[in-house]
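Participant: So the protein sequences, as listed, match chains A, B, C and D. Each residue of the first sequence is one higher than the last, beginning at 7 in the numbering used here. Each residue of the second sequence is one higher than the last, beginning at 7 in the numbering used here. Each residue of the third sequence is one higher than the last, beginning at 7 in the numbering used here. Each residue of the fourth sequence is one higher than the last, beginning at 7 in the numbering used here.
Please keep in mind that the hints were generated in silico from the structure rather than gathered at the bench. These figures come from a predicted structure and were not determined experimentally. All residues carry an ideal CB built from backbone N, CA and C; glycine is no exception. Wrong hints could be hidden among the right ones.
Claimed, not checked - A short list of chain D residues far from chain A (calculated; beta carbon distances all over 12 Å):
hint, residue
1, Arg35
2, Arg64
3, Lys69
4, Asp79
5, Glu91
6, Phe93
7, Asp123
8, Glu128
9, Pro130
10, Leu136
As the list claims (entries may be wrong) - Residues from chain C that keep clear of chain D, each with C-beta distances beyond 10 Å, as calculated:
hint, residue
11, Thr102
12, Glu104
13, Ile107
14, Leu116
15, Glu124
16, Glu128
17, Lys143
Unchecked claim - Label-pair ranges, simulated between beta-carbon atoms:
hint, chain 1, residue 1, chain 2, residue 2, range
18, A, Ala17, D, Glu105, 33 to 39 Å
19, D, Asp66, C, Lys143, 22 to 28 Å
20, D, Asp42, B, Gly61, 27 to 33 Å
21, C, Ser65, A, Leu104, 50 to 56 Å
22, A, Leu104, B, Arg44, 57 to 63 Å
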Amino acid sequence: MSELNIRERQAGDVTILDLEGKITIGEGSVGLRNAIRRLMQEGKKKILLNLSGVGYVDSSGIGELVSSYTTIGREGGQLKLLNLTQKIRDLLTITKLLTVFDTYDDEADALNSFN
Amino acid sequence: MSELNIRERQAGDVTILDLEGKITIGEGSVGLRNAIRRLMQEGKKKILLNLSGVGYVDSSGIGELVSSYTTIGREGGQLKLLNLTQKIRDLLTITKLLTVFDTYDDEADALNSFN
Amino acid sequence: MTEETVELKLPSRIESINEAAQATADAARRLGFSEDALFGIELAVREAVTNAVVHGNRSDESKPVEIGLAGTDASLAVTVRDQGEGFDPGHVADPTAEENILKASGRGILFMRTFMDEVSWERPAEGGTLVRMTKRK
Amino acid sequence: MTEETVELKLPSRIESINEAAQATADAARRLGFSEDALFGIELAVREAVTNAVVHGNRSDESKPVEIGLAGTDASLAVTVRDQGEGFDPGHVADPTAEENILKASGRGILFMRTFMDEVSWERPAEGGTLVRMTKRK
Ligand SMILES: Nc1ncnc2c1ncn2[C@@H]1O[C@H](COP(=O)(O)OP(=O)(O)O)[C@@H](O)[C@H]1O
Ligand SMILES: Nc1ncnc2c1ncn2[C@@H]1O[C@H](COP(=O)(O)OP(=O)(O)O)[C@@H](O)[C@H]1O
Numbered sequence: 007m008s009e010l011n012i013r014e015r016q017a018g019d020v021t022i023l024d025l026e027g028k029i030t031i032g033e034g035s036v037g038l039r040n041a042i043r044r045l046m047q048e049g050k051k052k053i054l055l056n057l058s059g060v061g062y063v064d065s066s067g068i069g070e071l072v073s074s075y076t077t078i079g080r081e082g083g084q085l086k087l088l089n090l091t092q093k094i095r096d097l098l099t100i101t102k103l104l105t106v107f108d109t110y111d112d113e114a115d116a117l118n119s120f121n
Numbered sequence: 007m008s009e010l011n012i013r014e015r016q017a018g019d020v021t022i023l024d025l026e027g028k029i030t031i032g033e034g035s036v037g038l039r040n041a042i043r044r045l046m047q048e049g050k051k052k053i054l055l056n057l058s059g060v061g062y063v064d065s066s067g068i069g070e071l072v073s074s075y076t077t078i079g080r081e082g083g084q085l086k087l088l089n090l091t092q093k094i095r096d097l098l099t100i101t102k103l104l105t106v107f108d109t110y111d112d113e114a115d116a117l118n119s120f121n
Numbered sequence: 007m008t009e010e011t012v013e014l015k016l017p018s019r020i021e022s023i024n025e026a027a028q029a030t031a032d033a034a035r036r037l038g039f040s041e042d043a044l045f046g047i048e049l050a051v052r053e054a055v056t057n058a059v060v061h062g063n064r065s066d067e068s069k070p071v072e073i074g075l076a077g078t079d080a081s082l083a084v085t086v087r088d089q090g091e092g093f094d095p096g097h098v099a100d101p102t103a104e105e106n107i108l109k110a111s112g113r114g115i116l117f118m119r120t121f122m123d124e125v126s127w128e129r130p131a132e133g134g135t136l137v138r139m140t141k142r143k
Numbered sequence: 007m008t009e010e011t012v013e014l015k016l017p018s019r020i021e022s023i024n025e026a027a028q029a030t031a032d033a034a035r036r037l038g039f040s041e042d043a044l045f046g047i048e049l050a051v052r053e054a055v056t057n058a059v060v061h062g063n064r065s066d067e068s069k070p071v072e073i074g075l076a077g078t079d080a081s082l083a084v085t086v087r088d089q090g091e092g093f094d095p096g097h098v099a100d101p102t103a104e105e106n107i108l109k110a111s112g113r114g115i116l117f118m119r120t121f122m123d124e125v126s127w128e129r130p131a132e133g134g135t136l137v138r139m140t141k142r143k
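So here's chain A without its partners, still in its complex pose (with noise of 0.2 Å):
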């Protein structure tokens, strides 16, 4: 059983990762990086974090947020959040991170929203 586990699933253009354990420090944070690099790689670039199932994350699974989505954006992509728990909503907040990423808590609303 792997810390996290990452589901990939296509609507459009866009690319939707189903992530599901924990974002910190170790297997979690490199696992949603590596998932990252693989999509750039594809030349996805409109991807969709699924935060739903994902119950811990640590300083250094928000800084793994962050990156996803500088990079993202510097190959001229987008990356947005749905679904954030309480507790994801928190850290971005307490981090002022809240109003850089683009969350929604509707699939269909985040899909809609990229261009």
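Given chain A's structure and the hints, the job is docking chains B, C and D with the ligands onto it.
Facilitator: Showing chains B, C and D with the ligands alone in chain A's frame:
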């Protein structure tokens, strides 16, 4: 939530107590003792203890089973045990009590054994 | 190098037995003991703490029971200390003897010895009883 | 009188962070902290142990990280000790400042300060860094 929940059922002249929880020193052991005492007062002397829901027993709990057995026997009644978990069976084996008690894995068999 | 110690200082009352049992189960689980071994370790600690509360400190809540857990990758060592008058473990009745089999008590030490690899009792200079138990993986 | 202490001595590697986090969550739960408080306490310990492993001991597995938990009915006190060269917590960049907001790191101390009631750093005579954190109920 109490440590030991006891539900009472009647099958002919046999009273079945479905036990759920722990029979350990304090609440659990005392709960069993009180239930048996009450049945004695009501003249219910054929008692089947269903232990399938008992997750934990300590030496006080084993002692309480023995006390129940001897008290009921002294009053001319019978106490039998139904659905021992593996752990309880182990503890009765270690204490050489397994052959003292009449034990059953089938409720109908157990009920038929009362005379 | 992984080492873990847990020390509890609890009042001599029945609830403390559950607290000690929970801390023990948590520690044994973290150390990677099987669920089967866990059951036995927890039971041995329950019995030792029960004896410390009931026989050692005679349920005098002002007297503490001190529990120590020391875990390594290979074993868990448990100590339970009370402030009672002590006893001679060599002269405890055998609960499996014919004449004792229907007694309501006297099976705690049997369980401690059954489920742990080593069990011993000391009478430390400062008084009371100190039980030491070890379970190897 | 209920007192509980847990001490862990763990090698400086990533897996030790999970071990320390689990021991902390177990202890805080036994002490009766709310699930909400538990999340914050566990996070603060994760961050402190991460720093001890990564910045303090620079992932040299031969150097231990020592974690102490001391719980009472009213509070949990945590210490995390490494053998590193130390740092000046007064001169750590503010991760919420405009110029740092998109950095990949630098948020651990912020989380420790947010979720614990008290956080302080010491440079003990014997070397290394000692972090002390307290959470009251
Ligand atoms: N810590 C202790 N202090 C004093 N006496 C003890 C202690 N532990 C055990 N004993 C004595 O040993 C006896 C047997 O203990 P045990 O096998 O646990 O059964 P039980 O506690 O049911 O009597 C007790 O009845 C008591 O007399
Ligand atoms: N135990 C420690 N030993 C040495 N330096 C430390 C220690 N803890 C923190 N630091 C320093 O403080 C900085 C900020 O730490 P922190 O806020 O946890 O973020 P991060 O660990 O992501 O850099 C670290 O980059 C490091 O330079």
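Participant: For every hint, state whether the structure bears it out.
Facilitator: Tested hints:
With 12 Å as the threshold on Cβ separation, the claim that D/Arg35 sits away from chain A holds: the shortest Cβ distance comes to roughly 15 Å. The claim that D/Arg64 is not at the interface with chain A holds, since no C-beta of that chain comes within 12 Å of its own (minimum 15 Å). The claim that D/Lys69 is not at the interface with chain A holds, since no C-beta of that chain comes within 12 Å of its own (minimum 18 Å). Distance check for D/Asp79 against chain A: the nearest CB is about 27 Å away, which clears 12 Å, and the non-interface claim stands.
For D/Glu91, the non-interface assignment is confirmed: its Cβ lies about 21 Å from the closest Cβ of chain A, beyond the 12 Å cut-off. The non-interface label for D/Phe93 is consistent with chain A: the shortest C-beta to C-beta separation is roughly 16 Å, beyond 12 Å. The beta carbon of D/Asp123 is kept farther than 12 Å from every beta carbon of chain A, the shortest such distance being approximately 16 Å. Interface exclusion of D/Glu128 from chain A stands, the closest Cβ pair being 22 Å apart, more than 12 Å.
The Cβ of D/Pro130 lies farther than 12 Å from every Cβ of chain A, with a closest approach of about 25 Å, so its non-interface assignment holds. Residue placement check: D/Leu136 keeps its beta carbon more than 12 Å from all beta carbons of chain A (closest about 20 Å). With 10 Å as the threshold on Cβ separation, the claim that C/Thr102 sits away from chain D holds: the shortest Cβ distance comes to roughly 35 Å. In this structure C/Glu104 is separated from chain D by more than 10 Å, as the shortest Cβ-Cβ distance comes to about 42 Å.
Under the 10 Å C-beta cut-off, the non-interface status given to C/Ile107 relative to chain D holds; the minimum distance is some 37 Å. Residue-level check passed: C/Leu116 sits 28 Å from the nearest beta carbon of chain D, beyond 10 Å. Every C-beta of chain D lies more than 10 Å from that of C/Glu124, the closest at about 22 Å, which supports listing it as non-interface. Every CB of chain D is more than 10 Å from the CB of C/Glu128 (nearest about 22 Å), matching its label as outside the interface.
No Cβ of chain D approaches the Cβ of C/Lys143 within 10 Å, the least distance being about 16 Å, so the stated non-interface status holds. At about 36 Å, the beta-carbon gap between A/Ala17 and D/Glu105 stays in the expected band of 33 to 39 Å. At about 27 Å, the CB distance of D/Asp66 to C/Lys143 agrees with the hint of 22 to 28 Å. The hinted window of 27 to 33 Å between D/Asp42 and B/Gly61 holds, with their beta carbons roughly 28 Å apart.
Take C/Ser65 and A/Leu104: their Cβ atoms lie about 54 Å apart, and the range 50 to 56 Å holds. For A/Leu104 and B/Arg44, the hinted distance range of 57 to 63 Å is satisfied, since their beta carbons lie about 60 Å from each other.
The earlier numbered hints are all upheld by this structure, with none contradicted.
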